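Whole structure, please, built from the sequences with the hints as guidance.
Taken in sequence, the protein lines are chains U and G. So in my numbering, spot 216 of the first sequence is number 220, and the numbers just go up one at a time. So in my numbering, spot 141 of the second sequence is number 145, and the numbers just go up one at a time.
It is worth saying that the hints were derived from the structure and are not from the lab. As the structure is a prediction and not an experimental result, all values here were calculated from the model. Heads up, some of the hints might be wrong.
In this list, chains with the same sequence are indistinguishable; a pair is considered to hold if it fits within one copy or across any two.
Said to hold, decoys possible - Here are the simulated lysine to aspartate or glutamate pairs, DMTMM-like style, with alpha carbons at most 25 Å apart:
no.	residue 1	residue 2
1	K42	E76
2	K212	E153
3	K168	E97
4	K42	E152
5	K212	E45
Protein chains: 2
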Amino acid sequence: MNSIIPHGPASSAVPAAEVHAKTRSIILDAAEKLFGRKGVEGTSVRQIVTAAGVNLGAINYHFGTKDRLALEVFARRLEPVNRARIGRLDELERQAGNRPVPVERILDALIRPAVEAQDEGGPNCDDFMRLISRCLQEPNPEVKKFVEEQFEEVARRFDAAILKAVPGLPPGELLWRMSFAFGALHCGQERWLRFDQMPTPSETPAVKPDREGFIQLVIAFITPGLSSPVSALR
Amino acid sequence: MNSIIPHGPASSAVPAAEVHAKTRSIILDAAEKLFGRKGVEGTSVRQIVTAAGVNLGAINYHFGTKDRLALEVFARRLEPVNRARIGRLDELERQAGNRPVPVERILDALIRPAVEAQDEGGPNCDDFMRLISRCLQEPNPEVKKFVEEQFEEVARRFDAAILKAVPGLPPGELLWRMSFAFGALHCGQERWLRFDQMPTPSETPAVKPDREGFIQLVIAFITPGLSSPVSALR
DNA sequence: AAATGGTTCATACGTTCGTTTAGAACATTC
DNA sequence: GAATGTTCTAAACGAACGTATGAACCATTT
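Take a look at the structure:
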């Protein structure tokens, strides 16, 4: 008899739990790739199980519903990145004591975990970056709520750090500058990850920097606009 | 007998064509709103016709398929914005003669048409902005190809103008800086348009500037990062 | 050797999808 | 005022969707 709630590892031995976890991982990988390419709504569970090489019933058995699978796909990538961001900021603020942390350092703590996630996250982690941009405004309310909560703590912490690092910055402009910064990072990373697949719009020669070079480019672009002490209004 | 290709206005009189165009417009408005909120794949034709108050067959009658409807939704907004961008740049370069156009002016020509489109585009034009970000990487190949073609000329023209305005800028970095700039504009505009509906992540007081103020904020943020003459690499 | 229980399998269920179609309703033209 | 052509309506089509079900499988335990 199947349990109504089939989640959780086996209660008896270890290997059974390993099989369980491995199948889950295979499904998550396949779903991540497809969600990133065609969106959650644009991907059917049949496409996922075909790509994963598992049975049609596997998704409902392991995740309950398609929506819950989508939630786990996001959570698996989002949580470690945002945890690393906050961890790095913690360390910077610990070192700085009462003094403000330089803007470049703050941005490095914000940007590096997102960019480096692709190496640690396996071969198809770049697919996930497409997923993030999609999820930020689209999907079902449950996923949307989770994503917003995930980013809330990051935004709060980094907003405070930037506000401390740029004394003359009008508080009312912080939200906008951070939105610009986030958009720049996000859009640039998207192009960096998909550099080979995307057409180069201009006729100027396009060069793809390595990972460290890209981080430098982002920080160099964002820093001056973010840290200007004068208001741009009026 | 219905024509296999029912598009195009009536061949005889005017009023018939007006009815035709009006129904098309109603459908386009409803589709734009729904596509912007839930994506093309996440929206069914039945939801569109219900929102538009027209019959289920109307979409296939007026647009052939759902995909072709999506294409027209994008085209209706994208074309005038990009035409205005190029028109403004033309005027700036005409005035400047052989001298380079200042970066702020170039950015104004790029940004203003996109921001001002919401006033001229009717009440639900802000829904369209959500649509753009979605379409930039998601939908079916036909729509994707169209969107990329739409932006190609804009990118080519503005890349050249920026390259001329920033003499020391390494050509290999232009693509990246423009990607950052575009991301900043886009993400900031998204937040500006949906300011009242989005949660404020930080606890700092959030102030929504008026249209002109927002344009100033974007330009002030992008300009220094874009026009730095030194390379950020190495 | 028999039994247990987590996992996988093939299959079916009821819905909803995009699209099609035949005819009604309407205005326009001759 | 009959004919013509365009727009709208209602109903239906097959296909694909997410999910549910029960038997088969298989390692582990008794």
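**Message:** Within a copy, between copies, both or neither: which one fits K168 and E97 at a CA-CA cutoff of 25 Å?
**Reply:** within (11 Å within a copy, 41 Å between copies)
**Item:** Identical-chain pair category, K42 with E152, by Cα at 25 Å
**Value:** both (21 Å within a copy, 17 Å between copies)
**Request:** Could you figure out if K212 and E153 sit no more than 25 Å apart (CA to CA) within one copy, between two copies, both or neither?
**Result:** Cα proximity of K212 and E153: across copies only (22 Å, versus 33 Å in one copy).
**Message:** One pair to classify: K42 and E76, alpha carbons no more than 25 Å apart. Within, between, both, or neither?
**Reply:** Both. Shortest intra-copy (17 Å) and inter-copy (20 Å) distances satisfy the 25 Å Cα cut-off.
**Message:** One pair to classify: K212 and E45, alpha carbons no more than 25 Å apart. Within, between, both, or neither?
**Reply:** neither (32 Å within a copy, 32 Å between copies)
In this structure, only the earlier hint numbered 5 is contradicted, and the remaining ones agree with it.
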